[in-house]
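Novice: Letter by letter, the chains look like this.
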Amino acid sequence: MASIPAASGPSRPRCPESSQGPVDSPPGPRASRVQFLHGGTLSARNSVVVRLAGESGEGVISCGDILTQAAARGGYYTQTFRTFPAEIKGGPCMYQFRLSDEPIWSHGKDVDLLVCFNQEAWDLNWDSLGPEGVILYDSIEVTIPDEYIERARPVRMDELAKEIGGSTRAKNMVAAGAIAAVIAFDTTPIEELVLRRYAHKEGVADANIAALHAGAIEAHDLKGRYPLVPPVEVEEDRMLISGNQAIAVGAVAAGVKYFAGYPITPASDILEWLSVRLPQVGGLTIQCEDEIASLASVVGASYTGAKAMTATSGPGISLMNELIGYAGTAEIPVVIVDAQRGGPSTGLPTKTEQSDLNQALYGSHGEAPRVVMAPVSVEDCFYSIVDAFNYAEEFQVPVLLLTDQGLATRLEVIHRPDPEKLNIVCRTTSAGIAREDYKRYEYTDSGVSPMGLPGEPEGMYVATGIEHDEYGHPGYTPEIHLGMQTKRLGKLEPIRETSRVATHGEAQPADIAFIGFGSTFGPVREAVDRLAEQGLSVGAFYPRVLGPFPASRAEEFVANAKRIIVPEVNYTGQLARLIKAETTINELESVAKCDGLPFTAEAIIDLAAQEVAA
Amino acid sequence: MSTRKPNDYKSELKPIWCPGCGDFGVLASLYRSMADMDLDPSRTVIVSGIGCSSRLPHFASTYGIHTLHGRPLPVAMGVKLANPDLTVIAVGGDGDGFAIGAGHFPHASRRNIDVTYLVMDNEIYGLTKGQASPTSLFEQKAPSTPFGNPEDPLNPLALAIAAGASFVARGASFNTKALTELITQAVEHKGFSYIDAMSPCTTFNNTQESWKDAVTDVAPDHDPTDRVKAFDLALRGGFSLGILYRQERTTQTERYRAILEQAKPSDVNVMLDGFNARKGAAIGKPA
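Chains A and B supply the protein sequences, listed in that same order. Once you know that position 173 of the first sequence is 173 in our numbering, the rest is easy, because the numbers rise by one and skip nothing. Once you know that position 59 of the second sequence is 1059 in our numbering, the rest is easy, because the numbers rise by one and skip nothing.
The following block holds chain B by itself, in its conformation from the complex (with noise of 0.2 Å):
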């Protein structure tokens, strides 16, 4: 039984997102987790980019570090390397993952990192006041798309599955209690879990009404050990709510833990030794 309180992970700065925005469902879902789990705020970062969903470090009680925009998921690795007791929690948006940072995300898939990685899609830009994001419809309208967005979106669900993340789901903040599910099954998965939290707009794009209507549960029988299938799941159109995919994988941190322990312990002087100029030590060769 949870002793702590989804309240007690509230900081006391009040989210600065627009009224009706989806990221308060995703921010509610979060704390709500987090007290389910009874994660302790001290052992728990979370770590955002820019944009409006990133500034959400800011509105929990736990250690955060609000990066820069697209930079989330290194330095959450960094974070979960250096200290592999902490339970780290990267968050942020479309535009900051999947454009700007779109770089790090198959890595910290195919790494394994064991980091959680939420994205509040909204599929717009919102900080910067509604041009069209990576995950953008064809022929939206958007202030940098007059003419209709002339570009396909991405899919960060099948890009993740084909990357080697070994979690993948979808949510939804205004379900949020099965995202808070899907949150403590990320968090608790060992390995990249990856939840594309459908998170709409109310301001630039807001898809509330259509989402609703659009989204349905992965199917009761659907084997989330099955790569193709989940393939074929993120492939389809609509949208399925749910685990899409899950792997056990042995972790990045687990990798290291593995080097750590087969390495010879050594310092600083035995190494010095080993530029000793009269014994001959072999160069650009570690002894």
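One chain only, chain A, in its complex shape (with noise of 0.2 Å):
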């Protein structure tokens, strides 16, 4: 095994390895493990880990998702994982896909078939290849060290692509012949997806399907070296869809009707999907000159009765902290998706991280109400953000549901939701109270305060920030001060005990629990099924609203657990300490990982291993 680095820098303490390795690291002895290319055809298997890597611009992001969607219709589960450079063109971009018949919870660790459009591809990438993994290279373009030569196979990428359409552009496609022809996936469903996205240029499909024909013809003499057990038994109402996508899509189902944003990565795909779909439906979506006008559109949209929302990352939170707080203040229902991306500052733009926790929870001055989510999903995005209108519009709050560029940019085949089955929630107005009795804060016992809207003479209110009494009229006594924050702190108690949460493996188990939130739970859960495997008691824990905190609920699950596990995306282990300020929980491991890169099931495994060992 080829000695590797800490990923994230000097003494991190437990931080699991990296599944993208470092750029100078040697290629190790690895190499003589396997003789592929001498051993025949390995045997039909569950999953396959593909990856592709070369220079951004050169097709490597479309040669997956074509691929990916081919697969998908082909009736496979799948799992993406995508990183590429902050800039548009040059710097190095990598695709990753897993395909199985059966569900799949993450995209995998070691990568079975490696496609290096360059030398950098193969610099960056040889250390992801797994025990018996292949390679596919560019036989202009790489070189590949002596150690891996028998597992290694050149591709004419540049060549045939140059010889078809006469320029470099097709090369994505001879690549992905090659890769159909190692993993015996027929090729009908990709020429069928080409055909229908250059639909309307002339000649462009025919060279994309030679281009794809030539790649499938180069590799052969590796035809099937890779079989994948053929999926049965596909419903026929599978979804292939990014986290950002169930997000909008999810939004559409709430009853989402005004949406404003501003240009961020990687959340920008929610605001161009519902600029198109928004009035299809009869609201409007809005690019804003920053995330402040952007928020303070939503909070006036929201302020006539529309539901309304908002979708960021970090640094747009950042900005928006203030209106957060206001949202609170004045109870006035609004969503905000942050799509976290690696921080600080402007920090790693195209990388993941689940750094915003802290911030989603006590960002903005003073103490103002809100509920923080995390879908575990990309089928939970969809569900996450109905959920999230349901609490702003129940409760009168802002709620920030958080993705992370991993969960937001990645593809998932998922089971279609079915939209009659939702249960969706309107806040309740002032509608049909007299004029004289209409308090918009009044005092209730729940919290929540009928809310005028503009148009109903009974309801007729100023809405505001500053501190104020039961009508909205500026006070400042310690009476007024003390009551409002009872109310609107106090409102959202009840989520504590009713709100959602994601389990896997053991209700409470003896061993090993986990606890976590957002995109890491895939990995912890396949990991979960591994050790319980090897006859361990593992299970998981993953609220959905992390803020109010379901603590009664998160003790009880690891009351009789041996160790808990706290893994996270970010420096600090944010959720630990929140889980400790928040809970009587005291001993726990927190794992925090700061690479910019998701977790992989394997490291899980191993950090689950060392615990146990330990």
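In case anyone wonders, no lab produced these hints; they're calculated from the structure. Just so you know, not all the hints are guaranteed correct.
[What the hints assert, rightly or not] Some chain B residues well away from chain A (every beta-carbon gap over 12 Å; in silico):
| id | residue |
| --- | --- |
| 1 | Tyr1063 |
| 2 | Lys1141 |
| 3 | Ala1142 |
| 4 | Pro1150 |
| 5 | Thr1203 |
| 6 | Val1228 |
| 7 | Asn1269 |
| 8 | Asp1273 |
| 9 | Phe1275 |
[Unchecked claim] With a cut-off of at most 25 Å between alpha-carbon atoms, the simulated PhoX-like pairs for lysine-lysine come out as follows:
| id | chain 1 | residue 1 | chain 2 | residue 2 |
| --- | --- | --- | --- | --- |
| 10 | B | Lys1177 | B | Lys1005 |
| 11 | A | Lys439 | B | Lys1010 |
| 12 | A | Lys439 | A | Lys487 |
| 13 | B | Lys1141 | B | Lys1177 |
| 14 | A | Lys421 | B | Lys1279 |
| 15 | A | Lys439 | B | Lys1014 |
| 16 | B | Lys1129 | B | Lys1141 |
| 17 | A | Lys89 | A | Lys162 |
| 18 | B | Lys1190 | B | Lys1129 |
| 19 | B | Lys1279 | A | Lys201 |
| 20 | A | Lys562 | A | Lys580 |
| 21 | B | Lys1190 | B | Lys1014 |
This one's a predicted model, so the numbers in the text were calculated from it and none came from an experiment. C-beta: ideal position from N, C-alpha, C; glycine also.
Both chains come to you apart, so use the hints to assemble them.
Specialist: Structure follows, in structure tokens:
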């Protein structure tokens, strides 16, 4: 095994190894372990991990997308992971997809098929190869070290693309054809997609299909070397969708009518998708001059009664913090999606991190109510955004929904949600209340007061962020401030006991309990299954609502566990600190990983093994 | 004939402004203008930021949003876009609009949001006790400019005309009859209407007498549809009261309505079907 320096820099304890190796590591002795090309065909497998790597702009991402799409069309489950530079042209990009005939929960660690478009792709990714992994590489661009040559196969990507189309543009289709051959994947669905994509460009589809076939012929002698178990019993209503798209379409299901946003990686997909879609359901989307204006206009729209939202990433949340406090104080429902990326500051715009939890929970001055949520999968993005609107409407608060670059941009095959079965909540309004009696911020048992909407003569009031009495009139007496803080901060308490929690494995595990949030659920879920196969009593507890935190349910879940592991993708262990602050749990192992990459199931298993051995 | 009287628009809260504050005159003009237009209070939303003048929504018996420092314009835009039937009037001061909120002013102007923006300009920060504002004069002494203001003032009217506001006017709190008429014309104007209301701060920057001497009415033969002449008036020294610029242009509300009318109606089920894995929907491209 090659020695791999810690990915996150000096003296970071217990940071699991990165799934993408450092640039300067020389190929190690791993190479001698497999002699694949002489070894004949491997037996059919339940899952295969393919990684494409090259220069941004070379078609790596579109090649990955089209193969993923074709696989989904062919009935496979799939999950993807992509990483690319923050620049448009140039810089290394990578697209990994995992296919299986069965549902899968992570993008995989050990790469079975590595496709290198250029030399840098090899230099950056050789380390990801699994013990039986094979390599396809561009015959001109890439030189493979001798130790690996036996399991590497040159493909004339550049050369054939030029021959067929006069430029290297169809290089990625040559690669796609070769990949399809190796995993014994029928190229028909790929061809259908190419025809559809280039329907309006004469000759382009033909050139791409010719390139695809040329690639398949190129890898002819590898055909079926890495066969995949074909899917059976494929339901016809499966969807292939990204986290961002699931949020966007889920918001439509929840009844969103107003979206305002400012372009930011990795959240812009939501703005773009809703720009097309919201007008089709009588709503509208606007691109604002900044994130402050975005949330301000969302506040204005919601004030009139419209369900309204914005989506951004960490830097945008920083700008919105003052308005989040305002919406909490003026009791105006708003939904804010934070597709987290690597921070701090501009940070790593195209990489993943879970480091906005603190800012989501505590951002903004003073103490204002908000609900903080984190969906655990692409499918859950759909249901969680519906919950987010329901909480916003029911409790008249801002709701922050935290995804991350990995979850927001990855494609996953999910079961189609049924909008008819959703519970959709709308706010309580002042309609029907006599004018003299109407107090916008009336103290009630629930802490929620009926909201006046413009157009209703009996609900007239002035919304305000200045401390105010029940009528909304400015007032700063001790009684008013304490009364209103009690009302505003108390009204969310019921959520602690009623919020949805994702669990997997045993309900009260005896050996290891994982507590996490958001996108780490997939790899942890897979790890739980594999650890259970080894005879351990393991379970995972993933609150979908982190604020207010379901403290007693977390305590109950871990009551019997010998070890509690809290994996998260940040530096300081924000969730671990939250658990310690909110619960009676004192003994836990915080595993904060901060390298811009998501956890793999294998890394989680390694962690658990270290814990058990310790 | 209006059925509502100015007093009908007064709330039970009394203004907290200092005696002699220009904002009283602006508020009186607003009450009268709303009565003249017979605005339905339940369909009128007054939006403000933070500052002395931004307390105004609390003194009016209409719907209101007292927002954050500098943010009334984007909030007002959201209100109007979400419910175009409402009359939306944004109010605030020069610090709110041209310092912390300055980033929003040109965008409200170029978008031609269908909102009236009434700025009570006193060339000072009153609520924080007299610091220089973006419209304070060069060399003006204030607690934050003890050696005299080293900065030149911003010209909001020229900025509004440059950025694409479709109605630009100046009024004065000490000339309530004319200001009332300006507010009425501004609210009835289709698109973004900006009124710079000179509103002296009698406590920290008492310009009342000097301003009274300095104002002149816009000449009767001024053509407000001539943008170059409007610039000329805005850039000229002294204070021209009246409508400097007026343009007929489609509003943001109308442009979004056109987008809505052109959109092919759909529903969430159709959208979900667009992601059908078996049918191979194009990734990222809405069908």
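Novice: Next, verify each hint and record whether it holds.
Specialist: Against the structure, the hints:
Tyrosine 1063 of chain B, annotated as away from the interface, has a beta carbon of chain A within 12 Å; the closest lies near 5 Å. With a closest Cβ-Cβ approach of about 31 Å to chain A, lysine 1141 of chain B is found to remain outside the 12 Å limit, as its non-interface label requires. No Cβ of chain A comes within 12 Å of the Cβ of alanine 1142 of chain B; the nearest lies about 25 Å off, and the non-interface call holds. Every beta carbon of chain A lies more than 12 Å from that of proline 1150 of chain B, the smallest distance being close to 28 Å; the non-interface claim holds.
The non-interface label for threonine 1203 of chain B is consistent with chain A: the shortest C-beta to C-beta separation is roughly 20 Å, beyond 12 Å. Here valine 1228 of chain B stays apart from chain A, with its beta-carbon at least about 27 Å from theirs, past the 12 Å limit. For asparagine 1269 of chain B, the condition that its CB be more than 12 Å from all CB atoms of chain A is violated, with the nearest at approximately 6 Å. For aspartate 1273 of chain B, the shortest C-beta to C-beta distance to chain A comes to about 8 Å, within the 12 Å cut-off, and the non-interface label is violated.
In this structure phenylalanine 1275 of chain B is not separated from chain A by more than 12 Å, as the shortest Cβ-Cβ distance comes to only about 4 Å. Using a Cα cut-off of 25 Å, the hinted pair lysine 1177 of chain B and lysine 1005 of chain B holds, with the two alpha carbons roughly 15 Å apart. Note on lysine 439 of chain A and lysine 1010 of chain B: the hinted pairing holds, with a Cα-Cα distance of about 18 Å set against a maximum of 25 Å. Between the alpha carbons of lysine 439 of chain A and lysine 487 of chain A the distance comes to roughly 14 Å, so the proposed pair stays at or under 25 Å and holds.
The straight-line distance between the Cα atoms of lysine 1141 of chain B and lysine 1177 of chain B is roughly 33 Å, outside the 25 Å bound, and the hint therefore fails. For the hint pairing lysine 421 of chain A with lysine 1279 of chain B, the CA-to-CA distance comes to about 24 Å; that is within 25 Å, so the pair holds. For the hint pairing lysine 439 of chain A with lysine 1014 of chain B, the CA-to-CA distance comes to about 19 Å; that is within 25 Å, so the pair holds. Among the hinted pairs, lysine 1129 of chain B with lysine 1141 of chain B is consistent with the structure: their alpha-carbon atoms are about 13 Å apart, no more than 25 Å.
Restraint check: the Cα-Cα separation between lysine 89 of chain A and lysine 162 of chain A comes to about 21 Å, which is no more than 25 Å; the hinted pair holds. Restraint check: the Cα-Cα separation between lysine 1190 of chain B and lysine 1129 of chain B comes to about 37 Å, which exceeds 25 Å; the hinted pair is violated. As the CA atoms of lysine 1279 of chain B and lysine 201 of chain A are separated by approximately 21 Å, the hinted pair is consistent with the 25 Å bound. The suggested pairing of lysine 562 of chain A with lysine 580 of chain A holds, with an alpha-carbon distance near 17 Å, which does not exceed 25 Å.
Distance restraint check for lysine 1190 of chain B and lysine 1014 of chain B: the Cα-Cα separation of roughly 32 Å exceeds the 25 Å cut-off, and the hinted pair is therefore not satisfied.
The structure shown violates the earlier hints numbered 1, 7, 8, 9, 13, 18, 21.
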